Amino acid sequence: MDADIKVLIEKASKLIDEDGRSSFKHADRVSTLIALIIEDLDFPRRKFGLSEQAFERHLRQKIGQIDTKGEIDSEFYDLLGELKKELGTSEEVEYSVVFALPIKFPNQRDDRVFEYHGIEIKQISQSVWEDDFLEIARNDASFEIQLTKSPYQLPDDGSFWKTETTAIDPDFALERTRFALKTLLGEINFLEHYGYVKNYHEPTSHPWPRGWSDILLPFALLLFQEGKFVKEDFSEDARPRTVVEVTEEVVDNIGDLPTFTGESYEVDQYLISGIHFFFSGITNANRTGAFLDFWRGLETLTLSSPGDTSSDITERAITTVIPDEEDLFGKHVDSLVNTRNNLVHGDLSVDISQANINLLKDIHESLINLYMRRRDKWTVSDIRFVLHECDIDKTDRLQQQRNARMQNCERIEREIEILDELMTEWE
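Just so you know, we're using this note's numbering here: the sequence shown kicks off at 42 and counts up by one.
These are calculated hints, taken from the structure and not from any lab test.
Remember, predicted model here, so these are calculated numbers, not experimental data.
Honestly, I wouldn't trust all of these hints.
[To be verified] Have a look at the derived ranges for each label pair, beta carbon to beta carbon: (1) 145 x 444: 50 to 56 Å; (2) 453 x 305: 30 to 36 Å; (3) 198 x 421: 30 to 36 Å; (4) 459 x 118: 46 to 52 Å; (5) 431 x 60: 54 to 60 Å; (6) 418 x 293: 21 to 27 Å; (7) 197 x 327: 27 to 33 Å; (8) 152 x 444: 55 to 61 Å; (9) 44 x 310: 26 to 32 Å; (10) 44 x 383: 35 to 41 Å.
[Unchecked claim] Subject to a maximum C-alpha distance of 20 Å in a straight line, what follows is the list of computed PhoX-like cross-link-like pairs (lysine-lysine): (11) 55 x 66; (12) 223 x 203; (13) 223 x 163; (14) 88 x 110; (15) 52 x 110; (16) 145 x 223; (17) 145 x 163; (18) 125 x 163; (19) 203 x 269; (20) 203 x 145; (21) 110 x 55; (22) 88 x 125; (23) 203 x 126; (24) 190 x 272; (25) 110 x 47; (26) 145 x 88.
Just so it is clear, CB atoms sit at the ideal spot from N, CA and C, and this is done for glycine as well.
Make a model of the complete structure from these sequences and hints.
Pasting the structure below:
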């Protein structure tokens with residue numbers, strides 16, 4: 042066990058009782074310790090159908106059972122082994138999650154089905170939404186009280202959907218649905234806004250701050266088990282949803298994008314994160330937040346490491362972009378680097394221009410395109426080689442790089458021949 046995590050576990054075990062509880066005085070400290078421990082653990086909670094919240098509860102209980110006078114590391118791993126056995130024998134339950142999305146399609150069908158990450162997202166009619174689900178949820182006093190306190194009502198327009206998933210933990214059903222939706226809506230936003238820039242001064246009479254796109258996650262997810270209402274999950278994004286009618290082009294092309302169901306490829310984990318960051322950036326109503334979301338997408342898709350500079354990241358990211366005016370483009374990229382560095386150093390007053398957001402989005406789209414086109418052909422090492430070593434927009438430079446590697450290949454082949462000769466002589 043790593044010495045650092047051992048120290049964290051020891052500190053946490055002294056503040057938690059056998060039931061996983063801590064005093065109010067130590068609550069924040071325990072939460073921080075548990076978060077750090079989870080970050081260092083490679084526990085396959087999703088394999089067991091366990092949400093973040095449920096895993097934290099189980100982990101607290103196990104850490105609370107540790108005898109700090111004994112061998113902390115061996116005892117901790119024994120308790121983790123016990124937890125895996127307990128989870129492996131837990132009965133899975135089938136849950137339904139229903140919700141409204143702020144999107145409409147060009148025709149009035151209500152039987153569409155998308156499948157992302159192995160979970161089907163099925164469209165249902167408005168009458169099924171209202172009669173079979175919403176009415177039942179409204180009969181729950183707790184839900185109705187929360188809804189009454191909210192300044193918004195559940196929508197009666199847009200489109201209505203349902204997912205079904207099995208889990209040992211109801212929160213995992215919500216988490217899995219939310220994850221699949223973020224990929225689906227990320228791809229819809231990618232297609233809907235691909236190649237577009239936003240005007241510098243767009244007048245609006247809307248009373249709420251708005252992001253680039255209004256295609257947001259649902260205001261509420263409603264969870265059911267065998268037709269009975271279990272719980273609701275309200276979004277932290279309290280903005281009213283504005284219904285968007287997606288274009289025919291989006292409908293025609295969405296089926297060509299990856300759904301991450303069935304076949305999986307080595308680069309997919311980075312592509313999925315990149316799509317999710319793109320979704321966060323294009324829907325973030327705060328310009329600073331949008332800038333940072335798009336930037337995190339660049340960091341992820343360029344396979345950057347913690348020690349890499351902002352310039353390293355942009356140099357790799359723009360490998361996929363062929364600018365019309367290289368000098369002007371270079372100055373604009375420098376502006377991105379300066380803005381990001383100012384934000385990192387705490388200058389939250391820095392002016393983030395719409396032009397910077399436009400460029401970040403454009404670069405982000407180019408990287409997502411690269412991954413989508415090559416995901417079944419290239420490995421992570423291939424992507425790293427292209428982004429870290431190649432100049433895609435300069436054919437002569439690519440030829441030089443190829444020639445240099447051919448020379449190295451010939452040299453290496455000759456060295457292998459010599460080694461074979463020497464091995465034969467020494468046998």
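Given pair status - residue 110, residue 52, alpha carbons within 20 Å
holds, 12 Å
50 to 56 Å as the expected CB spacing between residue 444 and residue 145, which holds or is violated:
holds, 54 Å
Would the hint linking residue 145 and residue 163 be met if the CA-CA limit is 20 Å?
holds, 14 Å
Straight-line Cα separation of residue 223 and residue 203 no greater than 20 Å?
Roughly 15 Å between the alpha carbons, so the hint for residue 223 and residue 203 holds.
Straight-line alpha-carbon gap residue 125 to residue 163, limit 20 Å
violated, 32 Å
Is the straight-line distance between the alpha-carbon of residue 145 and that of residue 223 20 Å or less?
holds, 17 Å
Tell me if the straight-line CA distance from residue 203 to residue 126 falls inside 20 Å.
violated, 32 Å
Is residue 88 within 20 Å of residue 125, Cα to Cα?
holds, 10 Å
Proposed proximity, residue 47 with residue 110 (alpha carbon, max 20 Å):
holds, 13 Å
Tell me if the straight-line CA distance from residue 88 to residue 110 falls inside 20 Å.
This hinted pair is violated, its Cα atoms lying about 33 Å apart.
Pair hint residue 190 and residue 272, alpha-carbon separation not exceeding 20 Å:
holds, 16 Å
Indicate whether the distance between the beta carbons of residue 453 and residue 305 respects the range 30 to 36 Å.
Since the Cβ atoms of residue 453 and residue 305 sit about 33 Å apart, the hinted range of 30 to 36 Å holds.
Going down the numbered hints, you'll see the structure goes against 3, 14, 18, 23, 26, while the others check out.
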